[in-house]
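Participant: Here's the letter readout for the chains.
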Amino acid sequence: MSSEPTKPAKPTGHDHQQTQLQEDEAFIDALYQQLPADKDQQPSDFLDKRIIKAAYQAVATEPTKINKRKITWFHFLATAASLTLVISLVVQQQSHILPPVDTSADLVSSSQKNKQSSDDEMIVEAVEEFSVTKPMMENTSTNDSYAATQYDQQMAITQPVMINSIAPKSISARQSMTTQQSALASPLAPTALTSIVTVVKNQPRKLEKKSYQSTAKIQQINQQAFAMTKRSSPVNAATVQKLTLAQYRIYREQDAQLSAENKLRWSLISEQTDSYYITIYLSDNNTASYRLAKTDFRLNTLPVKTHDKQTPNKQDFSEIILKNE
Amino acid sequence: MTQAELALKNIDKQLVDHDVTDEALMITYAKGDASAFEQLYQRHKRVIFHFFIKQGLSTAIAEELCHDTWLKLINARKNYQISAQFRTYLFTIARNTLIDHKNKKSSQKEEAHADLTKTAIALKETETSNQQRQLAQALTANIAALPDAQREVFLLKQESGFSIDQIAKITTQHKEKVKSSWRYALQRLRKGLSDYVI
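Which chain is which? The protein sequence lines are A and B, in order.
Going left to right, the first sequence walks through residues 1330 to 1654 as my numbering numbers them.
Going left to right, the second sequence walks through residues -15 to 182 as my numbering numbers them.
Read the hints as simulated data drawn from the structure, not as lab findings.
Where hints are given, some of them may not hold.
Said to hold, decoys possible - Over the 10 Å line for every Cβ pair with chain B, so calculated as not near, a few chain A residues:
hint, residue
1, 1381
2, 1403
3, 1571
4, 1582
5, 1583
What the hints assert, rightly or not - Taking lysine-lysine pairs in the BS3-like style, the calculated list, with each CA pair at most 30 Å apart, reads:
hint, chain 1, residue 1, chain 2, residue 2
6, B, 56, B, 163
7, B, 159, A, 1382
8, B, 163, A, 1382
9, B, 159, B, 86
10, A, 1378, B, 86
11, A, 1378, B, 56
12, A, 1378, B, 15
13, B, 88, B, 56
14, B, 163, B, 88
15, A, 1382, B, 62
16, B, 29, A, 1378
From the three backbone atoms N, C-alpha and C, an ideal C-beta is built for every residue, glycine too.
Hey, can you work out the whole structure from these sequences and the hints?
Facilitator: Put into structure tokens, the structure is as follows:
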């Protein structure tokens, strides 16, 4: 049995590189062994001290855990204080935006003490706003017509009571008084009035809104009425002088010379059996009161519309006619 | 306490200190014990200084870069993780410091080399033979003549004793590229120093 001798493996490029590398490494190692040991080569003492000192300073100036806790505690305190401030500011702002009901009612009462007509408007609007029982009764059935009639009667009785009681002052403050007065005024009214008061209690927001609208209207009316009352001074029958024919003619001549915008106006204050009491509004914003004998003069009232309603007779401007002319 | 007891205690302390690893010392220093840093510094100050000296820099510049390197380590003590080998971490900082220096002083490179050949390898003539002094100067000159990548790999492996894998980690290069640089550096040095073969 013959066996072929194994051929030695042919060296590859990789093996050659490895051999070369090992030889180079051995050469360099041999060179380094010939070199003297360079133990004396080291950084200076001055550099050593600088570096060690820097290392100690870095550790010494490091913030401790206690400081971190303090910072955290102050952080939470500052956050809580900021939140409290913001919330209080918001609450304060909202209180300015929506004043309480009593305040708005006081505004109304202070401006409405002498204006019964404006009170009437406000109360009528309030009654219309909160009277929810009437539509329900109308929609129920024909058999309920009697109930609807009863409701109208109750409202007719209730409204005057409310005009006297609610309007001049705060509505909320007067609710109990309204109930008592209505109960005394009419035995038919208590049920309807109680329902109205209940609705007012349950819907303060609506009432506030309505109060603001009424307040605006009332203030407008008051301004006009105040101007009227300012111009018309109270008349004392004893001191008012009689308008003579000569004075009357002088006024008429002056009036004829004035332009249409500045014409003299005459207002009837009161009427007696034998005379009229008038006020003349002069062009320089002054007034003069006179008594006109019915034997000499006759008055034609000129209805003037204010606020879509005719004002009372004494507020009307009058046309003076001389009977003997 | 007698002098014998004190001496025994110092021996014990040295043994304990020797057993503590670099990584443990660094963690201890990061927690606030500055004495741990002193031990670390004593262990590695020389290799770091040599790393810069062998780069062809003057003693003054090498000390300046040593100072910067250790300061960076001090400032980065909180970021150190025990998973990284301390020597690798330290030499990575040293290498980055060197790169920054080269970027700043690239125009003064030749001047520094000339200075280096005179000062960095200032062997004491009284203690070394003339042949050894010539060999040292020739080695330093040949190392300085290597390309930057090859010189860096050669010094890390031959002078600092890092493995190819560690050098690849320090220089953030591929392992094969590090091997290649090592091989070419050896070939160049062997060719330049062939006259000094004993």
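Participant: Each hint: holds or not?
Facilitator: Status of the hints after comparison with the structure:
{"no.": "1", "hint": "1381", "result": "6 Å, violated"}
{"no.": "2", "hint": "1403", "result": "24 Å, holds"}
{"no.": "3", "hint": "1571", "result": "110 Å, holds"}
{"no.": "4", "hint": "1582", "result": "108 Å, holds"}
{"no.": "5", "hint": "1583", "result": "103 Å, holds"}
{"no.": "6", "hint": "B:56 / B:163", "result": "29 Å, holds"}
{"no.": "7", "hint": "B:159 / A:1382", "result": "38 Å, violated"}
{"no.": "8", "hint": "B:163 / A:1382", "result": "40 Å, violated"}
{"no.": "9", "hint": "B:159 / B:86", "result": "24 Å, holds"}
{"no.": "10", "hint": "A:1378 / B:86", "result": "26 Å, holds"}
{"no.": "11", "hint": "A:1378 / B:56", "result": "16 Å, holds"}
{"no.": "12", "hint": "A:1378 / B:15", "result": "21 Å, holds"}
{"no.": "13", "hint": "B:88 / B:56", "result": "18 Å, holds"}
{"no.": "14", "hint": "B:163 / B:88", "result": "29 Å, holds"}
{"no.": "15", "hint": "A:1382 / B:62", "result": "18 Å, holds"}
{"no.": "16", "hint": "B:29 / A:1378", "result": "12 Å, holds"}
Against the hints set out earlier in the document, violations occur for numbers 1, 7 and 8.
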